[in-house]
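Peer 1: In this note's numbering, the protein residues as written are 1 to 138.
Heads up, some of the hints might be wrong.
Derived Cβ-Cβ restraints for the label pairs, each shown as a range [unchecked claim]:
1. P78 x I28: 10 to 20 Å
2. P44 x R132: 26 to 36 Å
3. T2 x F70: 15 to 25 Å
The hints are simulated quantities; they were obtained by calculation from the structure and are not laboratory data.
Here a beta-carbon is modelled for each residue, glycine too, at the ideal position from N, C-alpha and C.
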Amino acid sequence: RTDPAVIMLVVDDGAGPGEARCLLGRHIRWDFAMYSTLAGFVEPGESIEETVRREVLEEVGITVKNITYFGSQSWPFPNSLMLGFHAEYDSGEINIQEEELSDAQWFPFNALPNPPAMISISGWLIQDFIQRAEAGLV
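Put together the whole structure using the sequences plus the hints.
Peer 2: Structure below.
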């Protein structure tokens, strides 16, 4: 059995070129200073795009648009298939779900906190965002 889950990096182009930023969260169970992408499990009867919208809204209180598939990675915790996405900020203010996150913030592409390792899809999403932002594509 494999449980599908989504993992997404929410991006905002700010006021224009060079001002791209991404939304990262810090899980409540982490006792180390790392921020990562948001994630959650697909519910029965829900499309993966619906899951991205729901999870972002539930975890940080914002709405997203232009959801694009990035890639996937098997993940053993617990027997999951992580489906990675980029999503663009649409509206709202950060309001964290305190049962899941201890913090969530917007970070400029060139001033990110301690990110996840590049062996994870979360790290790949962030690295892709940085490269696109540096090239002025975000």
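Peer 1: Are the hints correct? Go through all of them and say.
Peer 2: Status of the hints after comparison with the structure:
1. In this structure the hint that P78 and I28 lie 10 to 20 Å apart at CB holds, the actual value being about 18 Å.
2. Checked against the hint of 26 to 36 Å, the pair P44 and R132 passes, with Cβ atoms roughly 34 Å apart.
3. Separated by about 19 Å at the C-beta atoms, T2 and F70 satisfy the suggested range of 15 to 25 Å.
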